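**Q** As given, the protein sequences belong to chains V and E, one line each in that order.
Residue numbering for the first sequence is 39 to 595, as defined by this note's numbering.
Residue numbering for the second sequence is -16 to 215, as defined by this note's numbering.
Any given hint could turn out to be false.
To be verified - Listed below are the simulated DSS-like cross-link pairs for lysine-lysine, each with C-alpha atoms no more than 30 Å apart in a straight line:
1. 271(V) to 282(V)
2. 223(V) to 130(V)
3. 223(V) to 182(E)
4. 470(V) to 182(E)
5. 379(V) to 368(V)
6. 130(V) to 111(V)
Since the hints were derived computationally from the structure, they do not count as laboratory data.
Since the structure is predicted, the reported quantities are computational estimates derived from the model, not experimental observations.
Here is how the chains run, residue by residue.
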Amino acid sequence: MAQVMDHSSPVPAEFYRSPDQVMRLSRMGSAHPMRLSFLRILLRRVQAEGWQFSRTHWEMDDKGVGRAVYRAKGPQRSYSLVAFAHDLPAEKRSDRVIATAWDATFALFDGEPTLADLDRLQANVPLQEAGRITNRELSLSRANHSVRLFRHVVDALAEGRQPDLAEIDAVGYLMRTTAVYGSGKFGAADRGQIADRPELSAPFQAEMLSVWLTRWFTVDVANHMALVKGGAKAATLDLDICHKLGVGNSTGLGMAPFLIRHPLLINNWIAAREEALARVRALDVASDAAVAGVRTALADAITNAAHWHSEHPIQVKRLADLRSDLGHLKAYLQDWPKGAKPWNTLWQWGQDHLSQEGQEALLAIMIEPHGDLIDGLADCMSADERRGFRINGAMGVGALRALLQTHYAWALNVDFDQPGQVAQFWYVSEEKLEPRLGDRAAEDGADLEQPLCIARLAQSLFEALQGRDDAEPVASFLLAQPEHRLMVRRAQQAAIFPFSEVRDNLIAKDMLPIDLMRCKLAFFGASHFDPRSDKWVRISLFHGAPYPFEFNGGGGS
Amino acid sequence: MNKSDADRIAPAEHGAPAYVRLSRTETEALCLKATRGAGYSWGIAEEAGAATGWLCANGVDGTDALLAVLDAPGMTAPEAAPENWSSPEGRALCPLLTGAALVDFAPLPGGPLHARTLLGPVRQPVLLLPFLSACAEDLGTSVQLEWSGHTLLIGQAIHATPQAIAALTGAALAVVTIARVDHPEPPAAPAPCAVAQQKTVQALEDLALRTTVPASDASRNSGAGAGTSDND
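With these hints in hand, go ahead and build the complete structure from the sequences.
**A** Shown next, in the form of structure tokens:
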């Protein structure tokens, strides 16, 4: 936070949005990918540093079963995606976390693997959660085909022609990942082991690199299968069609609690984005180049919204709002705002005339042409979470109470005697050790509720503090009532990190987990957010982005 | 990983390997859940996870000590009296509640490190080390722990002979003396992540399972993605 605010000419407070405005579920659930999204950070770095990419290993049989290695070579270190392709019967294909087999499985290796490494990984990576990897690996992931599109593409290429663009647009990816594990999971390298490497210091860079290389692999597998099927007459997939393919991702409830469990991290993501917006709003003038950049970004957003499909009623409505908003915005920008602070004028117009979906899209559009002003904020988006862990035991109970009144007014106002405010509970399933949401009135397990009901915990702490002496140190309060320790820690963090809490009741009847997921996925850089229910969602990553091999000065795969 | 570790972790010819190298992240997550599963509050469970993870990253396997605490959680908190931290009835202190309180009280006037403080008896005293490291960082100094003829210096790392660390790690109960030491912490070589016994990890996983809810048909059918085909 201090880093974020340490800008050479401080932006006046009037240009910032408040946590009460930003940290609401409905607005977080309207977030859009933008310049500071993690895959954009990765793409900027590999371009600026001249990374080289190559497929260094390819062993694939006629059924599409085998293994491959894709190497990313940076100025100081190399990373390799090790990919295993499997022959998966249709009845085993499931995107759910309870699946035990996949079309392809992957690990991102730290360096360049030997054949012995490949054999070790082959014995473990296809098992995913049931295997073990080591601190030489940075991520573990798996993916399933889009059966329909994969078959269509292979059939078309085998016959020597390109696939139908309508089919490509309708799906948008050949494979979708169903989990990408990093940060020490299943034996992988801890975040602390890699956090000081410049290329991995921003959040989720190893995971983004893994997915980007996976995208290349999906195209290679399709070309391989077409060649097997069509022989000499087979075509290879045109690059401009490749660009229309991202990597799909299917995400369920497992992702939703992340934002609650990592308050410093989410603070730093949001604070960086809000700082970017404030810097742009505070600009005195708009250069011709920036105005042109906004118009290009708007045109791209309009195209993107046209190709964005969903059948979920909430998203259908939001998409209609978005398309309408972007139309209004285009009309408004026929004449660029006159007078001082034109960016702020544009932003204020958006506040008055656009839905939340449109406002958040406008944010992404406004910051797009201002790379020089904001790209450095990418360095402020990771977090040393141990920094915020220590409780200040010397703080007085009175100060803690005041702090709750200041930063948790949104929580203290909730009436938890209303059944609708406690309708759901978060728990972890014994079966797959994954987060789930239960119906408190109808399901067992509420006694094993996870501490994600922050509003209720804050209220409970506030009540426990009533009647205690203001001067009593928090240390002695916690010695007497250790059950409030988690919430005291969070509250003290929230006083320093204003965007650390989602300011909504996360167990209310109308709480939608997809809002949490969308916020996180937008920070990843995901597009085409398509909820399949209130609890899971499909998205696309790297849609429209270049492929790694295009950074090699024209070389291909 | 040194050679002997690799040998120990490698799968045995018959049955499962006896040792496993968990990442710090895994150690923290497992110990948090196990501590909660044993009945501690979430906040103390977080402390237990962070503490065992710190030990792991400093080359000390704290999982056995934690399991011993969790298997029979006394949950006795100390009375924070000047120069003497013990329980009023002389019962053995819980190292998790005691460690958390040490950190909380450290910045206060009359806190436990302002003078030499006699502490204990405390169970599994090796679990105090991460908390003393946090105190040291807060106070900008190092902390000395004396026990049974051994002296351990705690700063960002542990400075002690392997014998002293092994003795403390093996101690089930101890009365220790802690004091701040106002000289700079000597440099420390980075320690390899500790290796845990597979059977201990399994026992902690069993405790962790107590935080989970068994599936029912209703919960399976209402889970994310349930009832849909992914062959599309």
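**Q** Compare the structure with each hint and give your call.
**A** Here's how the hints hold up against the structure:
Distance check on the hinted pair: residue 271(V) and residue 282(V) sit about 24 Å apart at the alpha-carbon level, within 30 Å; holds. Using a Cα cut-off of 30 Å, the hinted pair residue 223(V) and residue 130(V) holds, with the two alpha carbons roughly 24 Å apart. Restraint check for residue 223(V) and residue 182(E): satisfied, since their Cα atoms lie roughly 20 Å apart, inside the 30 Å limit. Of the pairs offered as hints, the one joining residue 470(V) and residue 182(E) holds, with about 21 Å between alpha carbons and a cut-off of 30 Å not exceeded.
The straight-line distance between the Cα atoms of residue 379(V) and residue 368(V) is roughly 19 Å, inside the 30 Å bound, and the hint therefore holds. Among the hinted pairs, residue 130(V) with residue 111(V) is inconsistent with the structure: their alpha-carbon atoms are about 36 Å apart, more than 30 Å.
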